[in-house]
Amino acid sequence: MKIIGDKVQDGIRIVTAATEGVCSVQINLALQGDTIVDAMLYGGCNGNLQGICALARGQKIADIKERLKGIRCGNKATSCPDQFAQMLEALM
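Going by the working numbering, 84 is the number at position 84 of the sequence shown; the sequence numbering is gapless.
These are computed hints drawn from the structure, not numbers from a lab. Certain hints may be false.
As the list claims (entries may be wrong) - Only pairs whose alpha carbons sit at most 16 Å apart, straight line, appear in this in silico EDC-like list of lysine to aspartate or glutamate:
#1 K60 with D34
#2 K69 with E20
#3 K65 with D34
#4 K76 with E89
#5 K65 with D10
#6 K60 with E20
#7 K76 with D38
#8 K76 with D34
#9 K76 with D63
#10 K60 with D38
#11 K2 with E66
#12 K2 with D34
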């Protein structure tokens, strides 16, 4: 995972990351303080990614990071949720 964009707009921090080793290609996050306001993952299994994002909205960064960190996809060393957790960890 690599952060490729980070800006503040109207008090909301907008961060974009490129994922590595998974089907999704990009994660966009909107953060206000330590809370996830919105999240979008692009590429990968659409329904699963929508579910992850829906569950993350309104939650604390640390809580979501701990829940998603270390999840693997098949025989891969990472997963879309793990990439999301890595992004959150980098932002803490």
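Right, here's what the structure says about each hint:
With a C-alpha separation of about 6 Å, the suggested pairing of K60 with D34 holds against the 16 Å cut-off. Restraint check: the Cα-Cα separation between K69 and E20 comes to about 15 Å, which is no more than 16 Å; the hinted pair holds. With a C-alpha separation of about 12 Å, the suggested pairing of K65 with D34 holds against the 16 Å cut-off. For a cut-off of 16 Å, the pair hint linking K76 to E89 is broken: about 20 Å separates their Cα positions.
For the hint linking K65 to D10, the alpha-carbon distance of about 25 Å lies beyond 16 Å, and the restraint is violated. With a CA separation close to 24 Å, the supplied pair K60 and E20 exceeds the 16 Å bound. Distance restraint check for K76 and D38: the Cα-Cα separation of roughly 27 Å exceeds the 16 Å cut-off, and the hinted pair is therefore not satisfied. Of the supplied pair hints, the one linking K76 and D34 is violated, its CA atoms being roughly 29 Å apart against a limit of 16 Å.
Straight-line distance between C-alpha atoms of K76 and D63 comes to about 24 Å, which puts the hinted pair past the 16 Å bound. With a CA separation close to 12 Å, the supplied pair K60 and D38 stays within the 16 Å bound. In summary, the hint linking K2 to E66 is not supported, as the alpha carbons are separated by about 19 Å, beyond the 16 Å threshold. For the suggested pair K2 and D34, the alpha carbons sit about 20 Å apart, so the restraint of at most 16 Å is broken.
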